[in-house]
Amino acid sequence: MNNMGNRRVVLDPGHGGADPGAVGANGVHEKRINLFIAQEVRRLLEAAGIEVVMTLDTDRNLTLAERAAITNRAGADCVVSIHANASGTADPERKARGIETYCLPGGPAKVLADVVHEFMVRATGAPDRGVRTNRAFYMLRKTDPPAVLVETGYLTNVAECALLTEPTYRFKLALGIAAGIIAWLREVKS
Amino acid sequence: MNEILTWDYLSTFGGMALVCFWLVQLTKDPIDALLGRWNWHLKTAHLAWIWATLLTALVWAYQGVLTGWNIALAPLNAIFIGLAAMRTHEAGAADGANLTESPETAETE
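If you read the sequences in order, they're chains A and B. 197 is the number that the working numbering gives the last residue of the first sequence; the numbers go up by one with no jumps. 160 is the number that the working numbering gives the last residue of the second sequence; the numbers go up by one with no jumps.
Calculated directly from the structure, the hints in this document are not laboratory data. Glycine residues also receive a C-beta, built at the ideal position from the N, C-alpha and C atoms. There may be inaccurate statements among the hints.
[Stated by the list, open to error] Here are some chain A residues pointing at chain B (derived, C-beta under 7 Å):
#1 Arg129
#2 Ala130
#3 Pro134
#4 Thr175
#5 Phe178
Based on the sequences and whatever the hints tell you, model everything.
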């Protein structure tokens, strides 16, 4: 393995505990999808010699402020929040599907968002909904290292929800996220 | 059974680039250690090209198209697969160009 010593990454699986996040078309809870993907990404990064800090690695309650505090204490090179998406009233037929990646506008996380997003789309072949900016996401605003938030797919879309509940598809997502983080660390942080 | 890796997946540009990326990750250090005995060094980009060539040849052989002049195309295709696998980010380092400002205003995620 191409060792990436002295690198540290925070992974933040969205939701948990009493907060299930979005509920999928087949009843699956977003928190489970997020945690599974984050744990796979963790294994892949650790195999590459990267230290990983998880904001949570079990299904439990954790506020956004606590997540940000864990991230800021970790002294990490970057933080990746992992989520699944849900469409609202603007999409009554629940047709929306694909991968989105968020970062703050004009910040250093833009490159990280680009690379992670590209690898996720490449790994899965999912529709590319682009890298977007959003000032409202707490984990992007309140964390010190470059932060991105990935939306791995739409749980409200029947087909994509079925994919997200497949371990093999989630592993492909994890392969893409980990590849993006490693590529960013190698090229940008080296 | 749902396989992670199928010939169909491997025959896509994205699938091949991703597999190439992880092959380089898995083999770079052992190969460096081996070549280091003779004071040789193989650049990561070159290792990516070698893996991409091998993957391309493997997939084309499976598809039955690794014949004649196509053989010469495999290492040329591999240049781009290797580049994609070892993606560098000069283009992405631009100051936020091509970003979509999200309309969402949710306070929590």
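Checked hints:
1. Arg129: Given a least distance of 4 Å, the restraint on arginine 129 of chain A holds.
2. Ala130: holds, 5 Å
3. Pro134: Check failed: Cβ of proline 134 of chain A comes no nearer than 13 Å to chain B, outside 7 Å.
4. Thr175: holds, 4 Å
5. Phe178: With a closest approach of 6 Å, the phenylalanine 178 of chain A hint holds.
The structure does not agree with numbered hint 3 stated previously, though it agrees with all others.
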